[in-house]
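Residue numbers (my numbering), protein chains in the order written: chain A, 1 to 118; chain B, 119 to 231.
FYI, nobody ran anything at the bench for these hints, they're computed from the structure. Just so you know, not all the hints are guaranteed correct.
[What the hints assert, rightly or not] Chain A side only, calculated, beta carbon under 8 Å to chain B, not exhaustive:
#, residue
1, Y48
2, A52
3, F90
4, S94
5, P106
6, F109
7, G110
8, N111
9, L115
All C-beta atoms, glycine included, are put in the ideal place defined by N, C-alpha and C.
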Amino acid sequence: NAGVTQTPKFQVLKTGQSMTLQCAQDMNHEYMSWYRQDPGMGLRLIHYSVGAGITDQGEVPNGYNVSRSTTEDFPLRLLSAAPSQTSVYFCASSYRTGGKSSYNSPLHFGNGTRLTVT
Amino acid sequence: GESVGLHLPTLSVQEGDNSIINCAYSNSASDYFIWYKQESGKGPQFIIDIRSNMDKRQGQRVTVLLNKTVKHLSLQIAATQPGDSAVYFCAENTGQGAQKLVFGQGTRLTINP
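Work out the full structure, taking the sequences as your base and the hints as a guide.
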């Protein structure tokens with residue numbers, strides 16, 4: 001298994017440009033999410049998905065769109081990049097156990113996309 | 119411990135000593151807590167987790183303690199090694215089902231030879 005794969009690893013955009021950060025996982029995990037990490041800070045949740053066709057907003061969703069058409073892929077779109085979106089972006093996935101006392105597995109993270117907006 | 123600000127709290131320990139990293143969490147309703155290790159240029163890597171119905175959990179060389187009364191979490195690393203040098207994050211799950219993690223700021227652990 002490759003785990004969680006993010007592309008590209010680095011990207012530089014000009015203000016106003018759009019782009020899509022790709023995330024794919026091959027573990028058949030239902031749950032996927034996007035976080036951003038700014039210098040000296042912990043990660044903050046942007047958007048998440050509990051399964052194909054279902055997405056929801058996290059703590060800092062403004063300026064970002066997501067979709068989940070398949071279990072494997074969860075792309076993050078920046079429609080009009082702003083300097084405030086300069087950050088490192090991490091995609092993560094997890095599964096949920098079944099049964100009466102179901103719970104989520106720990107998140108598996110990709111290695112991130114470092115985005116600079118000038 | 120972890121705190122708000124642009125400068126990461128740091129902890130320096132001698133190789134072979136035990137390390138204790140502390141974390142204060144915010145939400146009394148959080149039911150799941152996780153410690154992650156992040157090395158430079160990589161994504162966070164899962165170390166150990168604990169559910170709110172427990173107060174201690176042990177792994178290989180690591181122990182997590184949870185004190186719900188004061189909303190405090192700690193990570194103990196026994197016999198620290200150079201490979202333990204990294205930034206350590208605590209995270210709490212506030213999603214009550216969906217996994218919506220809130221991360222602490224992180225603590226940089228440095229191992230002195």
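Okay, the hints, checked on the actual structure:
no. : hint : verdict
1   : Y48  : 7 Å, holds
2   : A52  : 15 Å, violated
3   : F90  : 5 Å, holds
4   : S94  : 6 Å, holds
5   : P106 : 4 Å, holds
6   : F109 : 3 Å, holds
7   : G110 : 5 Å, holds
8   : N111 : 5 Å, holds
9   : L115 : 15 Å, violated
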